[in-house]
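Engineer: Here the protein sequences line up with chains A and B, keeping their order. The first sequence begins at 1 in this note's numbering and counts up by one. The second sequence begins at 1 in this note's numbering and counts up by one.
Take the hints with a grain of salt, since some may be wrong.
Repeated chains share a single entry, so a pair holds when one copy, or any two copies, can fit it.
[Stated by the list, open to error] Mimicking DSS-like on lysine-lysine, the simulated pairs with C-alpha atoms at most 30 angstroms apart in a straight line are:
| id | residue 1 | residue 2 |
| --- | --- | --- |
| 1 | K386 | K286 |
| 2 | K9 | K386 |
| 3 | K243 | K350 |
| 4 | K286 | K350 |
| 5 | K385 | K350 |
| 6 | K286 | K243 |
| 7 | K243 | K9 |
| 8 | K9 | K50 |
| 9 | K385 | K9 |
Simulated from the structure, these hints should not be mistaken for lab results. Since the model is a prediction, treat every value here as computed from it, not as a measurement.
Number of protein chains: 2
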Amino acid sequence: MPADPLHRKLLQRTDALLGEFTEALTEYARVPTISAHGAAFEEGAAATQKVLERAGAQVRRYTADGGPPVVVGEVESDPARPWVILYNHYDVQPVDPVDEWTSEPFSPQVRDGRIYARGVSDTKGNTVAQALAVRALREEAGHLPVNVRFLVEGEEESGSPHLEALTREHPELFRGAGATIEATARSPDGRPVVALGSKGVASFELEVRTARVDQHSSLAVLVPNAAWRLVAALRTLRRDDGKVLIDGFLDGVDAPDPEMLRYLRRNSFDPARYQDEYGVTSLLVKGSRFVRLRRAYYSPTCTINGLVSGYTGPGSKTVNPAVARAKLDLRLLPGQTAAVARDRLVAHLKARGFEDVQVRASDGFPPASTPVSSPFAQATLRAAKKAYGAPPNVVPWSLGSSTTAYFTRAGTPALEPPGVGNSGSRAHAPNENVRLEDVPPSMLALATLLLGVGTPPAPA
Amino acid sequence: MPADPLHRKLLQRTDALLGEFTEALTEYARVPTISAHGAAFEEGAAATQKVLERAGAQVRRYTADGGPPVVVGEVESDPARPWVILYNHYDVQPVDPVDEWTSEPFSPQVRDGRIYARGVSDTKGNTVAQALAVRALREEAGHLPVNVRFLVEGEEESGSPHLEALTREHPELFRGAGATIEATARSPDGRPVVALGSKGVASFELEVRTARVDQHSSLAVLVPNAAWRLVAALRTLRRDDGKVLIDGFLDGVDAPDPEMLRYLRRNSFDPARYQDEYGVTSLLVKGSRFVRLRRAYYSPTCTINGLVSGYTGPGSKTVNPAVARAKLDLRLLPGQTAAVARDRLVAHLKARGFEDVQVRASDGFPPASTPVSSPFAQATLRAAKKAYGAPPNVVPWSLGSSTTAYFTRAGTPALEPPGVGNSGSRAHAPNENVRLEDVPPSMLALATLLLGVGTPPAPA
Numbered sequence: 001m002p003a004d005p006l007h008r009k010l011l012q013r014t015d016a017l018l019g020e021f022t023e024a025l026t027e028y029a030r031v032p033t034i035s036a037h038g039a040a041f042e043e044g045a046a047a048t049q050k051v052l053e054r055a056g057a058q059v060r061r062y063t064a065d066g067g068p069p070v071v072v073g074e075v076e077s078d079p080a081r082p083w084v085i086l087y088n089h090y091d092v093q094p095v096d097p098v099d100e101w102t103s104e105p106f107s108p109q110v111r112d113g114r115i116y117a118r119g120v121s122d123t124k125g126n127t128v129a130q131a132l133a134v135r136a137l138r139e140e141a142g143h144l145p146v147n148v149r150f151l152v153e154g155e156e157e158s159g160s161p162h163l164e165a166l167t168r169e170h171p172e173l174f175r176g177a178g179a180t181i182e183a184t185a186r187s188p189d190g191r192p193v194v195a196l197g198s199k200g201v202a203s204f205e206l207e208v209r210t211a212r213v214d215q216h217s218s219l220a221v222l223v224p225n226a227a228w229r230l231v232a233a234l235r236t237l238r239r240d241d242g243k244v245l246i247d248g249f250l251d252g253v254d255a256p257d258p259e260m261l262r263y264l265r266r267n268s269f270d271p272a273r274y275q276d277e278y279g280v281t282s283l284l285v286k287g288s289r290f291v292r293l294r295r296a297y298y299s300p301t302c303t304i305n306g307l308v309s310g311y312t313g314p315g316s317k318t319v320n321p322a323v324a325r326a327k328l329d330l331r332l333l334p335g336q337t338a339a340v341a342r343d344r345l346v347a348h349l350k351a352r353g354f355e356d357v358q359v360r361a362s363d364g365f366p367p368a369s370t371p372v373s374s375p376f377a378q379a380t381l382r383a384a385k386k387a388y389g390a391p392p393n394v395v396p397w398s399l400g401s402s403t404t405a406y407f408t409r410a411g412t413p414a415l416e417p418p419g420v421g422n423s424g425s426r427a428h429a430p431n432e433n434v435r436l437e438d439v440p441p442s443m444l445a446l447a448t449l450l451l452g453v454g455t456p457p458a459p460a
Numbered sequence: 001m002p003a004d005p006l007h008r009k010l011l012q013r014t015d016a017l018l019g020e021f022t023e024a025l026t027e028y029a030r031v032p033t034i035s036a037h038g039a040a041f042e043e044g045a046a047a048t049q050k051v052l053e054r055a056g057a058q059v060r061r062y063t064a065d066g067g068p069p070v071v072v073g074e075v076e077s078d079p080a081r082p083w084v085i086l087y088n089h090y091d092v093q094p095v096d097p098v099d100e101w102t103s104e105p106f107s108p109q110v111r112d113g114r115i116y117a118r119g120v121s122d123t124k125g126n127t128v129a130q131a132l133a134v135r136a137l138r139e140e141a142g143h144l145p146v147n148v149r150f151l152v153e154g155e156e157e158s159g160s161p162h163l164e165a166l167t168r169e170h171p172e173l174f175r176g177a178g179a180t181i182e183a184t185a186r187s188p189d190g191r192p193v194v195a196l197g198s199k200g201v202a203s204f205e206l207e208v209r210t211a212r213v214d215q216h217s218s219l220a221v222l223v224p225n226a227a228w229r230l231v232a233a234l235r236t237l238r239r240d241d242g243k244v245l246i247d248g249f250l251d252g253v254d255a256p257d258p259e260m261l262r263y264l265r266r267n268s269f270d271p272a273r274y275q276d277e278y279g280v281t282s283l284l285v286k287g288s289r290f291v292r293l294r295r296a297y298y299s300p301t302c303t304i305n306g307l308v309s310g311y312t313g314p315g316s317k318t319v320n321p322a323v324a325r326a327k328l329d330l331r332l333l334p335g336q337t338a339a340v341a342r343d344r345l346v347a348h349l350k351a352r353g354f355e356d357v358q359v360r361a362s363d364g365f366p367p368a369s370t371p372v373s374s375p376f377a378q379a380t381l382r383a384a385k386k387a388y389g390a391p392p393n394v395v396p397w398s399l400g401s402s403t404t405a406y407f408t409r410a411g412t413p414a415l416e417p418p419g420v421g422n423s424g425s426r427a428h429a430p431n432e433n434v435r436l437e438d439v440p441p442s443m444l445a446l447a448t449l450l451l452g453v454g455t456p457p458a459p460a
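Construct the complete structure from the given sequences, taking the supplied hints into account.
Structural biologist: Okay, here's the thing in structure tokens:
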């Protein structure tokens, strides 16, 4: 690799920004923006504006369909240059169980080289790091080689219920040469991760009612029991090894891209790691590391998120419940849609005589991905390798779900770049944290990506 | 039937007692004796004593193993005469959902010929009616033809956790020529009901844990889900038509007594009635009325009382739950025991690879019955027919569970005699009530039974 003075300057500069990062994130993460509680949207949008202004962005707010503010900050260097969109969200997950936090979730604290608070890894820390990286690049390079649009919304943790409306009212916001969607967590062995999209998710509530009212359980010999009925219906949906049995559910799933499979084979991550992390006695998937990886990424899922019927308090109560409910989510792969999944689920239940199981669909995210061979994906992989000094672990999409599809549908390649998180960042869980050492390389990778998009390598 | 002056006097006298019944029950039902809340045991015992003193009983209290008072009231007429035990309880079910009560559950109210309050039918109304019937018999006959022991405890609705200890500490209290256990509810067509025992019940909690903590549902592709695991285990326990599939569970169940089946065939009750009463679209059992009756009484059950896992609040939450729990009850027939049922359940789960499903047993009642051909049962049937002017509907045991076994184990024939309730009395539910017109015949039936036991018919 030839000497690269700008790279060396960016390396030093991103290291030097760690103090400002910590200060800015501490301020940002104090705002209790739990979207599930409808909390602090106004304060969250104002704090986001302040972060984006550190990048020198011109900030405007958009709202669609009565939703909370979407904060858009643009740093325009030259209208002729490509636009890169940096998507994040200022809302965070609820903090329960709050007793399990070592320090207060909205009082950020630095301990042992980590900053702890709700939202620091998902994803306020990424917004701060990216804003500082854009400023560093502009200052060190003398100009920005691309135009940058930060797009930071306030409801991602609630399924972004108003973002699709914004894509219709302001499609121009979603168009660019590429978009980064939040950011990934670093692998345990230090390699950066690039996820070329995200699985979709469709959530449902199933409800069975077998009688108008609960009865004394002595009548269970005659009166149908809603919990038994729900158990019978659920049992038809999934095999014990995780395979989804909903009729026709897998129809239309895109075959794995052979080139992507080659990347996946070189991926150093072993999902068996989850066994220790979550205290699991045995994983669903047996076989080699590659078998586990392929199953994890190329399998849709059908998951019971919640189950409730009858009496659930202490002790016993001899009741024959009239109502039972289950919450399910289906993780979808490209080629599947939530609407089709819903129709298949309803038809599957009906075909087995479970017309009495009511199915209600709620919000979700469509699946989406960007081909690994696309220029934006390749630029991201090169930038990651250069910033971290190691080839990234590349996955076709994250196992979770996000707003990727709202960008790819607009023709914009979108993916999750390396971020400030690590595999122990505990996003959505108590003691969410970011290791400070992971911050400079994620800034450097973003700056390098923007450089790569703005000044593509000369054709061979 | 020959003229029977004593019967005519008792008929008039029990009618005349309705005013005192209403007054005494109104006072008794004001005491909020919810045993599940550990409430008002002392006040409940004192109020019970007052009721029993209306019969002229000598009242003592017993406690066993730290339990609340068991109130025992004896009316001894002649040590040479047989003892009849009248078992009831002063505790009541909780009142939830309290919004569905038309009047306050502990402010008894008479409306449209019924008295409404928690416990009036289950079973304070029976205690009051029986006390007044004993006094009426003594006064009208000039003496009591038997000795009577009222035994009224305070924890039946919680599974009588201290009553078995009392049978060991004071076995003499449970010995007699016969015992009545609470009382039945009158059939919709006006016929009295005699239940010659009660099904047993054994309650369990099943718990599955698949990981130390819940995870984001994106990991469900790899990490086992406790709710799915529980659903799989539960599904092996019961067939859709209600048949219990636990290996060996039915071993040892006594074959139906052919004579009892002849009585059951003449029973006028049609369980299809529950369809309207509970708003059920279809009953589990198809076939004739007799088929339904036989299934209801001669089938044990396995019932999900409660089910809970993961997120059960409003909206959706993408969680892969680490823990799932079910509450189950098994209704047992004579020949089965709770201890054997537990062992069979554990062995059944283990044999299917569900060693990870933890089984915890809690309190219950053993099954018990008294042969229909026994003198005490026959005396009860004759008394019911004479008091109501119609043959009783006879069942081998009630579908629910009670303390019958604690008497039969002591060698005392025990059964549920006709009581003050009706099929719309809503025991355990809001708006529990007793129809005042049902009270005099239940008093008359008890007085007639005591006469029958005290002066058995001359042998043919």
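Engineer: Sort out which numbered hints this structure fails and list those numbers smallest first.
Structural biologist: 1, 5, 7
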